[in-house]
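So the sequences go chain by chain: E and H.
Read in order, the letters of the first sequence correspond to residues 1 to 113 in the working numbering.
Read in order, the letters of the second sequence correspond to residues 1 to 111 in the working numbering.
Source of the hints: derived by calculation from the structure; they are not laboratory data.
Since the model is a prediction, treat every value here as computed from it, not as a measurement.
Among the clues, some could well be false.
[Claimed, not checked] Looking from chain E toward chain H, a few residues come up when the C-beta cut is under 7 angstroms (computed):
1. Gly16
2. Met19
3. Asp38
4. Pro39
5. Leu43
6. Phe90
7. Thr101
8. Phe104
9. Gly105
[What the hints assert, rightly or not] Listed below are the simulated DSS-like cross-link pairs for lysine-lysine, each with C-alpha atoms no more than 30 angstroms apart in a straight line:
10. E:Lys57 <-> E:Lys9
11. E:Lys9 <-> H:Lys98
12. E:Lys57 <-> H:Lys98
13. H:Lys70 <-> E:Lys57
14. H:Lys70 <-> E:Lys14
15. H:Lys70 <-> H:Lys51
16. E:Lys9 <-> E:Lys71
17. E:Lys57 <-> E:Lys71
18. H:Lys98 <-> H:Lys51
19. H:Lys70 <-> H:Lys98
20. E:Lys71 <-> H:Lys70
21. E:Lys57 <-> E:Lys14
Note that CB positions come from ideal geometry on N, CA and C, so glycine has one too.
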Amino acid sequence: NAGVTQTPKFQVLKTGQSMTLQCAQDMNHNSMYWYRQDPGMGLRLIYYSASEGTTDKGEVPNGYNVSRLNKREFSLRLESAAPSQTSVYFCASRLQASGNTIYFGEGSWLTVV
Amino acid sequence: GQQLNQSPQSMFIQEGEDVSMNCTSSSIFNTWLWYKQDPGEGPVLLIALYKAGELTSNGRLTAQFGITRKDSFLNISASIPSDVGIYFCAGQIGTASKLTFGTGTRLQVTL
């Protein structure tokens with residue numbers, strides 16, 4: 001039962017570097033999400049994809065881009081990393097865009113120095 | 001953006017005690033979810049609520065969807081050490097694609 005799998009688990013970047021966080025789900029879910037978690041802030045939505053072929057901004061999209069590569073995969077890209085993007089990133093998915101529960105990956109710890 | 005106020009922020013309790021936490025919103029939600037996050041892991045769903053007034057249990061956990069649809073409550077009875085973690089509420093408005101999360105309640109259980 002893989003569920004939602006995201007890589008890498010840990011990453012250290014220098015300011016200005018770029019990187020892509022990968023996410024894949026094997027539950028045939030239509031909707032996928034990227035959240036960031038910061039101390040005292042809870043989970044904040046960066047971008048989401050309600051269905052294959054669509055992407056939309058969430059609450060904190062600045063500095064990020066996403067690609068819904070296919071139904072299984074949804075990647076998050078930092079084009080020019082900044083220290084403010086140091087955070088824990090969670091990918092999530094759910095069957096439909098509304099009305100169903102959301103399942104999370106195990107998180108990616110990103111540090112930008 | 002939409003905010004959920006979750007309280008308390010943290011709790012230190014003794015094993016065997018009951019725990020109560022709540023989540024309030026300025027907007028009406030039609031779905032409330034409660035998640036638990038263990039250290040180094042992603043959040044895991046505990047309970048889902050879909051109707052105002054609904055009371056749902058999952059083992060020692062009981063959650064309620066507030067009648068006003070602007071709040072939800074989670075109770076844990078007879079706490080044990082493995083209850084340690086961060087508990088998040090999450091709400092959804094209408095048929096929106098997005099969930100809004102609370103800031104979390106950190107629970108510590110002492111023996």
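Index of numbered hints that the structure contradicts, given in increasing order: Hints 1, 2, 3, 4, 14, 20 contradicted; others consistent.
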